[in-house]
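4 protein chains.
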Amino acid sequence: MPSGRHFLQIPGPSNVPDRILRAMDRAVTDHRGPNFAEIGGKALEGMREIFGTRERVVIYPASGTGAWEAALANTMSPGDRVLMYETGHFAALWARLAGKLGLDAQVIKGDWRSGADAAAIGAALSEDRSGRIKAVCVVHNETSTGAVSDIAAVRAAMDAAGHPALLMVDTISSLASVPYAHDEWGVDVSISGSQKGLMLPPGLSFNAISKKAEAAAGSAALPRSYWDWEEMKGPNETGYFPYTPATNLLYALNEAIDMLREEGLEAVFARHRRHAAATRAAVEAWGLEVLCAVPADRSPVLTAVMMPQGQSADDFRAVTLKHYDMSLGNGLSKVADRVFRIGHLGDFNDLMLCGTLAGVEMGLRDAGVRHRPGGLAAAMDMLAPARRQAAEGRPEEHTEVQAAQ
Amino acid sequence: MPSGRHFLQIPGPSNVPDRILRAMDRAVTDHRGPNFAEIGGKALEGMREIFGTRERVVIYPASGTGAWEAALANTMSPGDRVLMYETGHFAALWARLAGKLGLDAQVIKGDWRSGADAAAIGAALSEDRSGRIKAVCVVHNETSTGAVSDIAAVRAAMDAAGHPALLMVDTISSLASVPYAHDEWGVDVSISGSQKGLMLPPGLSFNAISKKAEAAAGSAALPRSYWDWEEMKGPNETGYFPYTPATNLLYALNEAIDMLREEGLEAVFARHRRHAAATRAAVEAWGLEVLCAVPADRSPVLTAVMMPQGQSADDFRAVTLKHYDMSLGNGLSKVADRVFRIGHLGDFNDLMLCGTLAGVEMGLRDAGVRHRPGGLAAAMDMLAPARRQAAEGRPEEHTEVQAAQ
Amino acid sequence: MPSGRHFLQIPGPSNVPDRILRAMDRAVTDHRGPNFAEIGGKALEGMREIFGTRERVVIYPASGTGAWEAALANTMSPGDRVLMYETGHFAALWARLAGKLGLDAQVIKGDWRSGADAAAIGAALSEDRSGRIKAVCVVHNETSTGAVSDIAAVRAAMDAAGHPALLMVDTISSLASVPYAHDEWGVDVSISGSQKGLMLPPGLSFNAISKKAEAAAGSAALPRSYWDWEEMKGPNETGYFPYTPATNLLYALNEAIDMLREEGLEAVFARHRRHAAATRAAVEAWGLEVLCAVPADRSPVLTAVMMPQGQSADDFRAVTLKHYDMSLGNGLSKVADRVFRIGHLGDFNDLMLCGTLAGVEMGLRDAGVRHRPGGLAAAMDMLAPARRQAAEGRPEEHTEVQAAQ
Amino acid sequence: MPSGRHFLQIPGPSNVPDRILRAMDRAVTDHRGPNFAEIGGKALEGMREIFGTRERVVIYPASGTGAWEAALANTMSPGDRVLMYETGHFAALWARLAGKLGLDAQVIKGDWRSGADAAAIGAALSEDRSGRIKAVCVVHNETSTGAVSDIAAVRAAMDAAGHPALLMVDTISSLASVPYAHDEWGVDVSISGSQKGLMLPPGLSFNAISKKAEAAAGSAALPRSYWDWEEMKGPNETGYFPYTPATNLLYALNEAIDMLREEGLEAVFARHRRHAAATRAAVEAWGLEVLCAVPADRSPVLTAVMMPQGQSADDFRAVTLKHYDMSLGNGLSKVADRVFRIGHLGDFNDLMLCGTLAGVEMGLRDAGVRHRPGGLAAAMDMLAPARRQAAEGRPEEHTEVQAAQ
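Which chain is which? The protein sequence lines are V, Y, C and E, in order.
Residue numbering for the first sequence follows this note's numbering, beginning at 1 and increasing consecutively.
Residue numbering for the second sequence follows this note's numbering, beginning at 1001 and increasing consecutively.
Residue numbering for the third sequence follows this note's numbering, beginning at 2001 and increasing consecutively.
Residue numbering for the fourth sequence follows this note's numbering, beginning at 3001 and increasing consecutively.
Hints are computed from structural coordinates only; laboratory data are not their basis.
Certain hints may be false.
Calculated cross-link-like contacts (lysine-lysine; reagent style DSBU-like; alpha-carbon spacing at most 35 Å) [to be verified]:
#	chain 1	residue 1	chain 2	residue 2
1	E	K3042	C	K2322
2	Y	K1322	C	K2322
3	C	K2100	E	K3334
4	E	K3100	C	K2100
Just so it is clear, the structure is predicted and the values come from calculations on it, not from any experiment.
Isolated chain V, as found in the complex:
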């Protein structure tokens, strides 16, 4: 029986704050009663704010995978081609899912070490003279590699190609951690989940839907019922749902919305950037390599670290779990056992990060992984001045932390 608090430093589910756990620990209410309207209405409105949209948002009692399926099932017809950029494991899974739904997934293979290449997407669209491609699907923050894709650039490439495909973006592990702008970026369907930046347990997922996507749904022929946006429409207008919603997770969501508003989304984003910069300073000091090779694409949410040649990431992770009661993320698929992933997202702070990096550094030592000491010290060198400046009222944006990004 380990004492003290487990360090859950996988890149999601993230550590659920007590306020949210307590919000769930409440009596269920009648989801058709008069009091429910406020609960449902707040959740829907709050999610619009977080997605950066004035359009519709729908909430599913489902994992993020379900929201991927919903995005496609509502807008596509059997055999439709979707252009998918494989930034990593989760993008690949989404492509596989498209195939299982009977779609024709045209995959642009990435190197799993960077965000999506907007130019490559533009080129593929330009080649699609016959307009077979109905949607472009991109993962905003690829959780398996720690690389962020530039969605505005993808939108610009699509516009430059003059292609009418819908733009679908998986923001499951970036929403409420990394700036996101559904309307401004011209995204047609945004997909997200509850257990990352929203700080909830898993069990809710989301679609934000542009008017264009909604219009596409009118003629899309894939069968759908549970995921059907249309069914949601009427009830959602007054804060209700067409089937029994996951009430207690909605309580939790509303508490998360309050917490995000209290801290302020901009402050939340800056915090994630600061922790990411400090983590990367640690990785560099250890002499290890960050999987994401393009500095500008490195994720504020997690850092995937490459193991020295010939050493096992999973053995290392077993040591950090056994010795320090800390869970780190594993390498998935192509990078299995080759990388470990440090989650630094959600309800998190400087000292939790220091504890996390201490666990990594001691774990590297215990597991005999080749590295230089001093990673945590390097992270502290970055965190302390940032805090000092913030305390002095100097905007964090202008500090060396920012520069380090």
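Given chain V's structure and the hints, the job is docking chains Y, C and E onto it.
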């Protein structure tokens, strides 16, 4: 601000016991870590026990509606005919869902005042010389009417007709409240949800799957990914899931499994029967009519009560909510405003039932509904001897409560 | 393992509402840190409001017994005489405590069936020509008998006698359930506890202190340290405490203060009166006798019921616990096994009361106690019109419920 | 609104684990009902185990200060002399309390930088030819200085002096963190509280009582009622209490007892020693001085650190709170603003300690405190090998961590 505890006497979600709320109020764990196997394994094994099956059970982060969809999506191909017995609103919704998935739903219309007519099902199957019907779909406990269908009789009728269709049963509002036997009754797909007899908040749903259904899935052509049983198979074998499960609801489920084992399923069933009998004694004494016209089909889970001619059930329900802070179930669809429904399921006891019936009786009076007083007194006349006998160690099965059923 | 919610219908601890349990379920904070001032300050200020005083209130991590001791230890010197009115068991215990502290307790014996006799107190004071009596001690709501004493009348009798003794009042089981006015009634020390009308678990107790009592403390010679008001003074001024406070119970207290403000103290008092009136209507209908023989003194908080001659209250209580999972209060000391007590206080509502009375009525039947049926029906006859009138906006004060008192 | 978890690193109240918070978040039960016996009995029995005694333990709803008072009030008579060793602020407060109770406190002044000097105690007793000293009072772990006193040595000195005084030991901040043996060490009254090693919120305190102390209580003349051991005796024998106990804190205590049994007291003690050794390694590396000047006396529970000459500990603490959301303990009384105290007790682990020390190190930097970097690195150098050895099954007792003590 009302004081005291709200009486949530809709027929689900049921009142969630504190033990289960507290079980959810716990840190999320790594769903791919070594400790998770025990959590997932216990949930899957416990659900097998509750369904009465040695076959596979799958658990979805989804509402019950999703599990309906899963049952069909895994076993059917576009255009397949399904024979559905319309016991009430939920059976009708299921048929509508089948239609949306591209299936051909052949509906036997019931009178919404009884369980499914096994003979009618047998007759329809006998007429299906060409074997177009691929599945028979029945709702075990129709939540909109309070009528239970005799699944063993349906199975017998199917066997008598020598028809190879799959038998699918919605046990969403009966599981863990009414005896159920997936294997013994020869059910191919059982569908359930978390927020009724399992005493959880909404957010989980289930399929129990016979070998025959699993074989059917091998050739079924409806597209599926989120609902795909096959994806679950490998991970489930060791207690894991193919995508992020709703961890905290699984904690809750495991607590519910413990609670059901402690009380004992037979005792749980007897308790539901006793409360149903007492409720019907009250309704009779009030001079009101139970919607379910066939005594043998009346549900242990809820009682739908018909309003006197010309009086509004919804006005009455508004009064019980306003005056007594009690939520009752509304009449749905064909019986909207004509019936109200009293839930007496889940984590419930004699005095909670008495409080509930007191609220109904005082509400009838306050709302000016034509009735005779004395309903609660009649219920108490039934409850007290039952308790006395139970306390004396005489098995409750042999008491007049039982006889009253 | 009983299912459903236990009915804790003893006259305190009362049922703790979920909001308060959840408020306790929070991380402890630094009781000397800057954030604590608000927590402590709110608790102290809120308690002043509830006691009806602009003077000091002190909060002890202790049971109510401790606050009795505090009242005496701060104001008395060894050998001082205190005049105590024995309304019942708790008043007798307080007198015993005074004796253990070395005080000379002059006890006026009451009949245990009514509140304190102000005239008798006045007479005793008038006889005390030498001014030996330093304090008059009265229990506002005698929890063992269900009798309320008229504190304003006691004050008037003291004034009429022109006696300078301090007036000390135990409002442990009445505060926040029955109107109380420390300042207006000229009370010098009010004593209370957390686990009754304040709806908290046990563990906090209180003194409200008049300027006269504080002056008396200046020369009082009983040794004291933990209970010393003087130690509290400085720290309390800024919301702090001289020793580690029971932080999580203070969280709970602050939640209770919010709840009482939301409902409004007047509404809380009216609710308690209504439930008491309904309970007494039930007792009368059962043909049983209320222990408190003076209608005007009957408590809004609890009703002590006398058993028919020769029948055991404890046997009856064992039956309600075993058959209906309901705890009733036992008879204490002189009335042991002769009465049972029904608590109808705190976080409570009409349907919880109906469930409670149903449990009593069925228990009477099961235990073979001589009684007439129809008690609950009589209570419902009283509750329903009250609700109807309240819903119509007619002030509850003017209804027959009020008249029935 | 800070994000993430607050670091409450004062030397008590310690961080309350979720299991214990959840245990409190439960319905109150009837403290006179049949089910309570098990709750009370387990708490009393568990505390005996933790105190290392087969004698009686009493539990008060009170802070630790109350248990100090109880120890004296039960065994002393007015004017009795008590010999008190002033190890620091809390010992001084205890002496002050003795004075307020009318006792004659003979204080041996310590230097506030070490544990009690058993020889000095022995000498004082030897000089007490007339046997005026009735009790020797020692603080086991002086929370204001971080010094542990050798109780066995004090006992030996008392025995060598052949003096019959009672031995009273304050183990408020050491119990369940530092080995303690009430019976073996011949302690007559042990005093403790809930909010340190027991991991509970504040609100409970304890006395463990030798037969000799109980005999002394028979003739002790200080007035007492709330604290009276005798009142507890009868009810405690069957698991009950003479007045309403703090039920929900008893739930919490029983959970703590389970947790301590699961981890094992020896493992708990070793963990505290390891964290203390690592903390002192950090302090040394920073070039700062530990307040406790005698290495053998340094506390496993907390480390008090002296500020460089002319620098303010409180300014530094304000910085760690503002920049890193971490509460450190302040210097009390004689060492106010001269020391800060790091709590490393209770529900704690290696990574929480690393986060704590990171916060101290960054805070020292931010606040401009003269120090050398590298403290946390030194702590990690100590923690990592300890973990490695523990994982290899080598008993932690034999490692360099132990040696460092």
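Here is what the structure says about each hint:
no.: 1; hint: E/K3042 to C/K2322; in the structure: holds, 23 Å
no.: 2; hint: Y/K1322 to C/K2322; in the structure: holds, 33 Å
no.: 3; hint: C/K2100 to E/K3334; in the structure: violated, 38 Å
no.: 4; hint: E/K3100 to C/K2100; in the structure: holds, 18 Å
Hint 3 from the earlier list is the only one contradicted by this structure; the remaining hints agree with it.
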